[in-house]
Structures are given as structure tokens and as C-alpha cells.
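Visitor: Chain by chain, the residues run as shown.
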Amino acid sequence: MIGLSHYLLVGAALFGLGLFGLLTKRNLIAVLMSIELMLNSVNINLVAFSRFSATDAAAGQVFSLFIIAVAAAEVAVGLALAYAIYRGRDTVSVDEMNWLKW
Amino acid sequence: MENGGLMHTLAFFLLSGITLAAAMGVVFKRNLVHSAFLLSVTFLGVAGLYMTLQAEFMAAVQALVYSGAVAVLVVIGVMLTHRQQMSRSNPPNKMLLVGALAALSVVGAIVWAILATPWKVGKGSVVTAGDIGRRFLTDFAPPFEAVALLLLAALIGAVVLFKGGKAQS
Amino acid sequence: MNFDALMLEMAVALLALLILVADLLMEPGQSRRKLGYLAIAGLTGLLLVSLGRYGMQGAFFNGLFLQDDYALFFKQTFLIGAILVCLFSLDTVDNLPHSRAEFYVLLLFAVVGMMILASANDLITLYVGIELMTFSFFILVGYVLCETKSTEAAIKYLVLASAASAVMLYGMSLLFGIAGQLSYNALAKGLTASPALIVGGVMVLSGFAFKIAAPPFHMWAPDVYEGAPIPVTALLAMGSKAAGFAAMVRIFAEVFPGTGYPWPLLLLLLSGAAMLVGNLAAIPQTNLKRMLAYSSVAQAGYLLTGMLSGGFAGVKGVLFYLMIYVFANVGAFAVLTAVSRHRNGETIGDIAGLSRKAPVLAVVMTVSLLSMAGIPPLAGFVGKFFLFSSAIDAGYLWIAVLGFVLSMVSVYYYLNVVKSMYLGAPADDRPFEIAMPVRVTAVFAMAATLAMGVYPGPLSQLAETAAKTVFK
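Protein chains in written order, with numbering that gives the first Met the number 0: chain B, 0 to 101; chain R, 0 to 168; chain U, 0 to 471.
Keep in mind the hints are simulated off the structure, nothing from the lab.
This structure is a prediction, so every number in the text was calculated from the model and none was measured.
Treat each hint with caution, since some may be false.
What the hints assert, rightly or not - Which stretches of chain U does chain R cover? Using the computed rule of at least three CB atoms under 8 Å from a CB of chain R, they are: (1) 57-66; (2) 171-179; (3) 197-210; (4) 310-319; (5) 372-385.
As the list claims (entries may be wrong) - Footprint (simulated), chain B over chain R, 3 or more residues, beta carbon under 8 Å: (6) 7-17; (7) 31-41.
Said to hold, decoys possible - Restricting the straight-line Cα-Cα distance to at most 20 Å, the calculated cross-link-like pairs of lysine-lysine (PhoX-like) are: (8) Lys28(R) / Lys93(R); (9) Lys162(R) / Lys148(U); (10) Lys188(U) / Lys119(R).
Here a beta-carbon is modelled for each residue, glycine too, at the ideal position from N, C-alpha and C.
Could you build the full structure based on these sequences and the hints that come with them?
Guide: Written out as C-alpha cells, the structure reads:
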């Protein structure tokens with residue numbers, strides 16, 4: 000019997016994959032895709048909770064709809080940035096950046 | 000889909016398998032175009048999972064917005080920013096080990112939290128699109144309006160960022 | 000629906016839309032200065048209107064949106080910050096290569112987001128407020144992509160802010176799972192001690208730590224502060240921090256106390272780390288924007304000590320300190336704008352000999368920096384006194400001692416700048432031009448810093464009234 004924990008574990012695995020991609024990808028677009036994976040895992044959690052346990056079930060789904068709207072806008076802005084940078088210097092690599100400068 | 004039946008179990012494992020396999024492809028594939036298309040598959044898999052959770056409206060939105068708009072946008076972005084070799088367009092950086100350790104420890108903590116917490120699983124409730132719509136326009140009206148502003152800001156922002164890049168060439 | 004509760008937010012949003020439309024009606028080549036004046040006038044009007052709104056209490060939209068003195072105090076802090084930033088950015092905006100009017104529009108959108116954060120009483124409103132603010136900042140940070148630094152800042156802020164939101168959201172989803180609801184009142188009742196609460200709480204706290212630039216999530220601050228246009232940096236430094244605290248204090252006052260969550264310990268660690276890292280890393284910096292970024296990390300640490308007590312005395316300190324931090328910040332960044340315009344750089348060498356070329360600006364810079372360091376009789380001293388004494392009263396003597404010692408350390412690097420301004424030789428002999436708005440802003444900010452240091456009574460009273468409304 001499939002229950003709440005199964006869905007939560009799928010969400011956790013998706014979150015971990017997204018986090019791994021976020022930390023290890025060189026390409027700005029790939030980093031954005033990893034963040035989308037993380038947001039999807041949040042949405043799985045919210046919908047699963049609203050199906051199985053929440054007292055206010057609708058709120059969970061409303062929350063994930065807000066997340067979807069914001070995520071779509073985030074991708075649009077991120078790609079605009081990627082394209083603007085690409086036109087200037089022919090690369091969207093984030094690797095030359097010194098991420099942990101003190 | 001009724002919860003608990005054999006069909007439900009099968010559908011869950013099939014869909015979560017597809018979702019996670021595709022997500023692994025997104026992260027591990029060396030070709031950015033493959034990653035982008037697998038991202039779309041991941042989104043559709045998640046939409047399927049929403050169906051098994053009887054959240055039909057969420058599934059529809061997921062398929063339309065994520066798979067239909069976001070994934071296509073990402074593919075266009077990939078096409079616009081890579082004109083040469085595509086086969087090695089998505090390489091990892093030098094932090095593979097650190098990244099793997101960090102991700103694993105976070106996931107470990109989350110999995111522990113999920114398994115060790117006694118969730119109060121009730122009878123469960125199914126949410127209809129009508130419920131969601133009513134909540135959007137009553138309780139959640141302020142964030143609803145704010146998201147409208149946010150989309151406008153993103154729209155203006157895309158143009159501004161684009162112009163900012165233009166000035167340099 | 001209650002429109003009166005949303006009055007300030009709607010008015011700022013309408014002002015932004017008005018500017019957007021007015022921009023379309025103007026000739027393409029025309030200066031957009033008038034729109035800047037319009038923004039300043041509109042915000043000032045709203046600030047005056049908001050003064051009369053103290054004492055109006057209420058929960059709207061089914062308790063998800065609060066109107067109280069606490070939220071109002073923060074909204075006024077944001078309004079004052081935005082007015083001053085608009086004022087000293089008039090010339091910066093005139094020199095932008097493109098989209099001049101949109102600068103003001105996005106700045107106002109960021110203010111709307113901050114205001115929503117201050118009133119939010121549930122996780123959805125909180126999230127959307129954060130994102131509205133963050134989105135506006137994404138774009139403002141990357142406004143001029145011509146420079147490498149600016150590009151790096153824009154990418155870094157976009158990626159790290161989105162990642163921080165994702166982590167925070169995951170934490171929120173766990174909190175939702177435990178409590179089954181999203182409003183703070185329901186969370187306070189529904190959250191029970193469990194592993195998921197620990198993990199979820201840490202994740203939510205990480206998201207806030209990013210917004211207020213507290214270690215280990217402060218890495219973005221130096222690079223983004225350095226790469227963004229100076230007015231944006233100023234708004235980011237005070238706005239993002241103040242808004243982060245506005246939401247964080249409310250959550251920590253309303254949700255976590257009854258749940259058995261070890262939040263004082265986490266705040267203690269965060270606060271100590273922020274003070275240590277911020278002050279020690281600021282010492283070797285030669286770029287003033289980077290130095291101010293690390294100093295702002297340290298300020299986050301001081302502010303966090305005010306949250307330890309979990310009572311209104313500490314929150315009063317937080318409110319007071321944030322307001323005076325706005326003035327100190329605006330003073331420092333306004334001077335930096337003038338210097339950067341003259342020298343096209345912001346290092347400690349560029350500011351050398353400022354006292355001979357622009358004595359007024361040198362005095363403003365000195366006062367602002369010493370106020371951040373907490374030297375009496377400036378406002379920063381009073382603020383730190385409130386914060387540290389509330390921590391001592393709550394039994395956290397050591398963190399207050401650490402804060403005091405590190406404040407003394409901070410005097411060293413602040414005085415380094417002052418020394419360079421007064422004893423260093425100017426790098427060139429060109430006459431120093433100061434635009435009128437910058438001069439007005441700088442002098443006003445200095446006057447406010449001095450006035451609130453010498454005569455802190457009214458502001459501290461106001462902060463106390465406001466702080467009391469969070470603890471019902």
C-alpha cells in the first residue's frame with residue numbers, strides 16, 4: 000500500500016538530485032534546471048501532505064501553484080540573463096567565477 | 000485513481016521510476032539538449048504522480064506550465080546559447096565530490112526526518128479546482144495580487160537584462 | 000475583501016504602474032528625472048499618511064495578513080530607505096545606458112515585496128513577498144551587465160537566491176506536513192517536536208540567513224554588493240536585511256516558542272558566527288563596497304542578539320537598530336556614489352584626501368561609519384546598547400561580551416577609512432563635483448544619525464510600541 004512516506008521519499012530523492020546538480024554544474028542553464036528539480040520536489044511534498052494529512056488541504060495545493068508561477072518567472076529571468084551574457088562573451092559557463100571568495 | 004489498489008501501487012512505482020530516472024539524466028547527461036528534454040519528462044512524471052494523488056488540477060497545471068512552458072523555454076535557451084558542439088555542453092565542475100557529499104548529507108537528514116516523524120495520516124481529502132479558486136480570491140488574495148506584480152517585474156526584468164547585455168557588444 | 004489593510008502596498012504598486020505608463024508617454028531621449036521626483040514625492044506622501052496609521056490593529060483575509068504597529072514600523076523603515084535611495088540615485092539613473100524609468104519601477108516593486116513580508120502571517124504570503132522583493136533585486140543587480148563584476152554579481156545573486164528559496168520552501172513543506180496548515184497561528188498550535196520539525200526549522204532558518212546575509216549563507220553578499228550599482232547595493236543592504244528580520248522576528252515570536260524547538264541555540268550560533276566572520280573578514284578589505292558588505296554581515300550578527308531574548312525588549316532593539324542602520328547606510332553609500340562618480344572606483348585609495356576636496360562628505364562618512372561601529376553619542380551606540388542589554392537580561396552574557404569586543408575590532412577598520420580620508424593625499428587634483436541630491440541625502444542621513452544618538456527617546460518609544468504588538 001502506497002502511503003505518504005513513499006511520496007515524501009520520491010520528493011527527497013528529487014531534492015537531492017537537484018542539490019547535487021546545483022553544486023556541480025558549470026552551465027548556468029543546467030544550474031537553473033537543477034533548481035527546478037528542487038522546486039518540483041517541494042511541490043510533490045505539498046501535494047502529498049494535502050492529500051494524506053493536512054487539515055487545510057486546499058492550502059497545500061494553493062501553495063504549490065504559487066511556487067509553479069514563481070518558478071516559471073524565475074526561469075524566464077534566468078534565461079534572459081543567460082542570453083544577455085552569452086551575446087556579450089559567447090559563454091554561459093559559471094565556472095570562471097570564484098564562488099567562495101572571502 | 001483509487002488509493003490502495005494494485006493499479007495505484009503499480010502506477011506509483013512506474014511514475015516515480017520514470018521521474019527519478021529522468022531527473023538523474025538531467026543531472027548526469029553530458030549533453031545539455033538531452034538534459035533539457037529529460038527535464039520535460041521529469042515534469043510529466045511528476046504530473047503523473049499528482050494524478051495518483053487525485054490532484055487533477057495540479058497535474059494539469061504541472062503538465063501545461065512546467066512541461067509545456069518552462070521546459071520549452073529551457074530548450075529554446077539552450078539552443079540560443081550554444082552554437083557549437085552540443086555533445087559536451089553540460090560538463091560537471093571540479094566540485095563533484097564535495098557536491099555529492101553535501102547533497103547526500105542533506106538527503107540523509109531529510110530521509111531521517113521523513114522516516115522518524117510520526118505523521119498524522121488522516122482519512123485524507125481530495126481538493127477540487129473550485130476549492131483552490133475560491134481560496135485564491137479570498138484568503139490568499141494579497142499573495143495572488145503580489146504574484147501578478149512579480150510576473151510584471153519578471154517581464155520588465157527580462158527586457159532590462161537583455162538591453163543591459165546589448166550595451167556591451 | 001478589505002482594501003484598507005492593503006492600502007500602503009496598493010498605493011506603492013499604483014505609483015510604480017503610474018511611472019511605467021508615464022515613461023511610455025515621454026519622448027525616448029528625454030531625461031527621466033521627473034519620474035524620479037514623482038517616485039520620491041509619492042513615497043514621501045505615503046510616509047506622511049502612514050504616520051497616522053499607528054494603533055490600527057487587525058487581522059485580515061482570514062488572519063493571513065496582519066495590520067499592526069510592528070508591520071507599520073517596518074513599512075515606514077522601508078519607505079524612508081526607498082525615498083533616500085531614490086534621492087541619491089537620481090544622477091546614477093540619469094547616466095544609465097538604458098531603461099531609466101524601469102529602475103524606479105523595480106525599486107518600488109521591491110518595496111511592495113518588503114511591505115508584504117512585514118504583514119505576512121502565513122507561509123504563502125511570506126514566500127510571495129520574499130520572491131517579489133528578490134525578483135526586483137535580481138534585475139536591479141544586473142542592471143548594467145557591461146562589466147564582468149556586474150555579470151558575476153547578477154548570476155550569483157540569481158542562482159544563490161533561487162537555491163536559498165528552494166531550500167526554505169522544502170523546510171516550509173515539512174512544517175506544513177506537521178501542522179497541516181499554513182497560517183502562523185495554526186502552525187504555533189500544530190507544530191509538535193519531531194525530527195521533521197528540526198530539519199524543516201533549520202531549512203527555513205537557512206533561507207532567512209541568506210536574506211539577512213548571516214554565515215554560512217553570506218557568501219553572496221561581498222560579490223553582489225561589489226558588482227551591483229551603488230544605490231542598489233544600498234537598498235539591498237538595508238532593505239533585504241530589514242525585510243528578512245521583519246518576517247523572521249514574527250515567525251520566531253509567534254510560531255516557534257511553544258514548539259520545543261531549540262531556536263535560541265541556533266540563533267546564538269548564527270549570531271556569533273555572523274559577528275566573527277563579518278568583523279574579521281572586513282579588516283583586510285580595500286574595496287569599500289566589500290568592506291561595507293562584511294560590515295553588514297556583522298550588523299546581522301548584532302541584530303540577531305536582539306532576537307535571543309524572545310521578548311519585546313530585544314525586538315524593540317532590533318526595530319530601533321534597523322531604522323538607524325538605514326540612515327548610517329544611506330550616508331555611507333551616498334558619499335560612495337559621489338566618490339565613485341568622481342574617481343570611477345570605490346577603493347580606500349579613491350577616498351583618500353576626501354576631507355580636503357569635499358569636507359562635508361568626509362564628515363558624513365565618518366559619522367555613518369562610527370555609528371555602525373557603535374561609538375557614543377551616535378545612534379549606533381544606543382541601538383547596540385538596547386540589543387546587548389536585552390541579551391544580557393535574558394542570560395546570554397557571553398554573546399554580548401563577544402559583540403562588544405568585536406565592535407571594538409570594527410572600530411579599527413572603520414577608522415582606517417577615516418584615516419585615509421583625513422590624512423591620505425588626494426589621488427588627483429580635479430575639482431570634486433557633488434550633485435545636489437546626493438549632498439542633501441548625505442547631510443540628512445548624518446543629521447538623523449546624530450539626532451537619534453543624542454535624543455533617542457521618541458524613536459525608542461515608537462519601537463517599543465511597535466514591538467509590543469508582536470507579543471500579544
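Visitor: Now look at each hint and say whether the structure bears it out.
Guide: Verification of the supplied hints:
1. 57-66: holds (count 4)
2. 171-179: holds (count 4)
3. 197-210: Our answer is that it holds, as 3 residues pass the Cβ test (under 8 Å) against chain R, meeting three.
4. 310-319: violated (count 0)
5. 372-385: violated (count 0)
6. 7-17: holds (count 4)
7. 31-41: holds (count 5)
8. Lys28(R) / Lys93(R): holds, 16 Å
9. Lys162(R) / Lys148(U): Within the cut-off at roughly 17 Å; holds.
10. Lys188(U) / Lys119(R): holds, 14 Å
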